[in-house]
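Protein chains in written order, with this note's numbering: chain G, 1 to 327; chain Y, 1001 to 1350.
Since the hints were made in silico from the structure, they are not lab data.
By construction, the Cβ of each residue, glycine as well, lies at the ideal position given by its N, Cα and C atoms.
Don't take each hint at face value.
In the DSSO-like style, the derived pairs of lysine-lysine whose C-alpha atoms are separated by at most 30 Å in a straight line are [said to hold, decoys possible]:
1. 1157(Y) / 34(G)
2. 1111(Y) / 108(G)
3. 1187(Y) / 108(G)
4. 47(G) / 1187(Y)
5. 1049(Y) / 108(G)
6. 1157(Y) / 46(G)
7. 108(G) / 1317(Y)
8. 1277(Y) / 1049(Y)
9. 1157(Y) / 47(G)
10. 1157(Y) / 108(G)
11. 1187(Y) / 46(G)
12. 34(G) / 1187(Y)
13. 215(G) / 317(G)
14. 1187(Y) / 1007(Y)
If you want the footprint, here are the derived chain Y segments under chain G, 3+ residues with CB under 8 Å [said to hold, decoys possible]:
15. 1051–1058
16. 1122–1129
17. 1138–1148
18. 1172–1186
19. 1195–1201
20. 1337–1350
Just a sample of chain G residues kept apart from chain Y, beta carbon distances all over 12 Å, derived [claimed, not checked]:
21. 58
22. 103
23. 307
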Amino acid sequence: MSRKTVREALNAALDEEMRRDEHVIVMGCDVGLKGNPFGVTLGLAKKYGLDRVIDTPISEPAFTGMGVGAAATGMRPVVEIMFCDWVTLASDQIINMAAKMRYMFGGKVEMPLVIRVPMGAGGGQAAQHSQSLEAWFNHIPGLKIVAPYYPADCKGLLKAAIRDDNPVLFFENKRCYSVKDEVPDDEDWITPIGKARVVREGSQVTLVTYSSMVKVCLDAAQELADEGISCEVIDLRTLLPLDYETVIASLEKTGRIAVVHEAATRGGMGSDIVAELCERAFDLLDAPPLRVGALNVPLPYNESMEAAVLPDKENVKEAVYRLLSND
Amino acid sequence: MNQETEKKIREVFPAYTPMTELPEGLELETAREMYRKMALIREFDLSAKDLWRAGKIRGLCHAYYFAEAIAVGACSALREGDYTTSTHRGHGHALARGADPGRMMAELFGKAEGCNKGKGGSMHIADVDSGMLGATGIVGSGIAPATGAALSAKLQKNGRVSLCFFGDGGSNQGLFYESMNMAAAWKLPVIFLCECNDWAIGTDIRRVTGDPVIAHRALGFGLPGIRIDGFNVFAVYAAVAEAARRARAGEGPTLIEAKYMRMLGHHVGDDQFYRTKEELERISVLYEADPLLRLREFLLNAGLPPQTLDEIDREEKARVAEAVRYASEDCHEPSPEELYTDIFSDIIVE
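Next comes chain G alone, as it looks inside the complex (with noise of 0.2 Å):
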């Protein structure tokens, strides 16, 4: 174990599993000489060569697409789409060919192809910097979708993804790239996709969330706590497939929860959440399920106006109170 900053975990993941295998490829504006605007792929383009740490020019579509044509035929590409919101020039080849490609080919192609977005507001970016997309592609068939939180699971989780034969997007947090913690040294450790993890155990209320919003959770049910409310907090960490098995096992113990994200709550992961679980457990529901995500507006540039569109502690703090106002 070492202590590492998720920019560092992540770093490592590409540094290991490059040396690991030859057709690991990292391809993006910025990520070879730059080593991308966050740091994250600091130092590859060094020790790999700019053979392998490609810098593409501004052309989200075509550097997507090439990473699946690339991936078809044998690497094992890592394709970086600068900022979350440009997904959007990219989504073509991801939801039409990256996903669809194996079924409509009947099987035959392998697709691993890892495409890191990284998301996230707070910085005062606006409109077109900031944005949480990741529901859009939950509602993709072919797709895998990680958004992980702690620095070891964000090396596990990628290195997990690298190793994958399916498409997989790798969602993390602009704001969480300085967050520290013990990470796993082991070159041969992954976190499996697929599954959540309880981070905090708790009787009255269950938390459901990823990413950025995971330590937001954790503060407010230490709050919780010492007003003597019990939640449990569980960190997804993939999104697709979602792991309801952890989920349920939790809605059996507390009879209440609520999904928490950043992104926008229309049609955000929380609105699907909900629904699987009415469907799936309705019975085991003690309160309405609630679903606490950013306002349903752009993101705006002002610092007081952009914290009052992303959910904080107090929301969830207010979610809970709400959830258990029916006892």
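Could you slot chain Y onto chain G? The hints should help.
Coordinates of chain Y only, in the frame set by chain G:
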């Protein structure tokens, strides 16, 4: 072909070039087998057209009619292991790479034995084992994956080239420019082969492009762009052979515009009401430039007996008839479990 006819063809189709001799490196025997492939494609798609009209084939089905010289000329210049990507009009590309007509017909019938297990159909026809990475129904969307396959070949140093088929419709997608730019910047072993038939569904290229010569677009990206007669299988072969040589030598991509003409509708159910009677009358002289007939005429002039070619015609007709019989009589409906397979390599998500 007499001079009078040739003159008329040139008026409508300036890209016309005569088939005077075998291109360098091509044996007469290979040319005869190219004729066989073209005859197979012609018969396969005329048959598919009838089957679609008879309600035996679902969905959208685009015939490779009159384009046979492009797929066969181009794929004959490739080596085993080279990659091709296709368009929505992909039957010819798959057959030219050696796909089995029986399994392809089974695919059009939606059967479990189909080359895509009945999950793709005409628009996604694929024969990945032969390097044909699949047809795509989104116009132009195969261009970037083809370029990625070339990147892959370059990094793996396996000497392969990637042949990217697309149409004049696809040439107006941004993806084309982005891909061509990167391919040129990094000298990737890719051949951009535009099958220019002047029509994007119901829109004439002249109405929507400033310069309808697609080959000119290479200039802005610093790669060679040539326009060739897409009814002339030897012209296609020679152009692709040279482009493949360049690609394998590390000299980078080439843009080839193979001109042909869409004589039928966009798909086999399209009656082309949007094309004027005058326009159809004007292009009707191109039936004299039928790529199959032109190769036949060349082979006869080169000394092949007509019986040999008649025999090939009969054999390929019989192959297609057998493919139809196989698809309709021997093949099976996919099992219900197949709905959920082939989505992922490892897990079933329902």
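At a Cβ distance under 8 Å, does chain G reach at least three residues of the segment 1195–1201 of chain Y? Not satisfied, violated; 0 residues make the cut.
Sort out whether residue 108(G) lies within 30 Å of residue 1111(Y), counting only the CA atoms. Status holds; Cα separation ~16 Å.
For a C-alpha distance cap of 30 Å, please report whether residue 47(G) and residue 1187(Y) respect it. This hinted pair holds, its Cα atoms lying about 23 Å apart.
Straight-line Cα separation of residue 1157(Y) and residue 46(G) no greater than 30 Å? With Cα atoms ~21 Å apart, residue 1157(Y) and residue 46(G) stay inside 30 Å; holds.
Does residue 58(G) really sit off the interface, with its C-beta more than 12 Å from all C-beta atoms of chain Y? violated, 9 Å
Proposed proximity, residue 108(G) with residue 1049(Y) (alpha carbon, max 30 Å): holds, 27 Å
Straight-line alpha-carbon gap residue 1277(Y) to residue 1049(Y), limit 30 Å: holds, 22 Å
Hint check: residue 1187(Y) vs residue 46(G), CA-CA at most 30 Å. Holds or violated? holds, 22 Å
Between the segment 1138–1148 of chain Y and chain G, see if three or more residues pass the 8 Å beta-carbon test, and mark the coverage as holds or violated. holds (count 8)
Does the alpha-carbon distance linking residue 1187(Y) and residue 108(G) stay inside the 30 Å limit? holds, 29 Å
Is it true that the CA of residue 1157(Y) sits at most 30 Å from the CA of residue 34(G)? Satisfied, since the Cα-Cα distance of roughly 27 Å is no more than 30 Å.
Is the nearest CB of chain Y more than 12 Å from the CB of residue 103(G)? The claim is violated: residue 103(G) sits with its nearest Cβ about 5 Å from chain Y, within 12 Å.
Violated hints, listed in ascending order, are 14, 15, 19, 21, 22; each of the other numbered hints is respected by the structure.
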